[in-house]
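**Q** As you go down the protein sequences, you meet chains A and B in turn.
Under the numbering used here, think of the first position of the first sequence as 1, with each following residue one higher.
Under the numbering used here, think of the first position of the second sequence as 1001, with each following residue one higher.
There is no bait here: all hints are sound.
Here are a few chain B residues that face chain A, going by a calculated C-beta distance under 10 Å: (1) 1034; (2) 1101; (3) 1113.
Keep in mind that the hints were calculated from the coordinates and are not lab data.
For each residue, glycine too, the CB sits at the ideal point set by N, CA and C.
If you want the building blocks of each chain, they are given just below.
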Amino acid sequence: MAGAATLEAVDNTPKAEAPIQAFTVTLIIRRFDPEKDAEPYWQDFDVELYATDRVLDALHKIKWEQDGSLTFRRSCAHGICGSDAMRINGRNRLACKTLIKDLDISKPIYVEAIKGLPLEKDLIVDMEPFFASYREIQPFLIASDKPKDGKERIQSVAQRERFDDTTKCILCAACTSSCPVFWTDGQYFGPAAIVNAHRFIFDSRDEAASVRLDILNDKEGVWRCRTTFNCTEACPRGIEVTKAIAEVKAAVLRGKPDIPKK
Amino acid sequence: MTSQAAPPESPPASVPEPRKRRLPAGTLYRGREGMWSWVLHRITGTAIFFFLLVHILDTSLIRISPEAYDAVIGTYKTPIMGLGEVALVAAIGLHALNGLRIICIDMFSWGPKAQRVMFWVAIGLWIVLLIGFVPRHLMHVFGGE
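With the hints as extra help, turn the sequences into a complete structure.
**A** Here is the structure:
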């Protein structure tokens, strides 16, 4: 029949709804329960995943289907809230932005908590030292006068562009906890605090640049940066962290930031 | 009540033990050129410090007694020290070239963007300089002049 022939011809074309191939991925997760374990230990899990899944999906599958005690932070799951920074295959990444297809799944995927902050449980660390440094650099606009002629503090495109890169920070701590200086010296302000200081130091509307430059001229300030570029490579927002730190160093030396006049 | 000779076939339905693994503490952080250049800078810097410490001590001997100075410097003329000098020149060369790279990173606006290229340029220059130095030096050490 002509109809059957047509159907056969159709069958030869690739099916639009071919089943998506799932594969088994091994995750090796560094576990720690302060109520039971004296030391953290590695535990492995096999999970069925698709190439389009993220590491966060793998963690969800483990928590929901295999071991409900697995503990990690996540909120938005879309790379905005900055809750799920963790060390994936030895590099700081957001679990919600790391696709399985971008990892070598012929080998197990190692997942552990970020380094340099006190480990609380499994993949959760105490972020307080990190936020304490952030608060210390006064991450808010400081201006003495009221805005002229209306409601806004006018800023040119070039002036806004000057600090655009450092406005992207989501405070996930991927940069600070990738820094070898921070691992050994928790007193160091760390890349994230300096990035957020940069955001206000180089803002033409702000008047407290000299205060922040003084804070960062401290022994534990910008001069502890050893330009390892781990922070720049870890940042899930693509902020050029080391460049921002270098600009703050230059501003400390010059005594004031170089902000476009117009 | 019945007594069974054989134990029940199925194991008790408990949660299986977690598949724990014996692995070293955490994984090594997988930094890239920037981190490894920093590690090399640290190692070479520390090594050069200890060389300078010894070097200042042995050189200052000449103020005390030229004979003692000659005796100490004479003990350096061995093949092992000759190889040590290769290591010293290599360490100083790497530290110096990477130091220039770090100055560029901190002082020029294009520095941080070009850091990876600059690292490989520094390694390239270092190898070229060593190719110029090492064969000539080893000829002196083992040539028996």
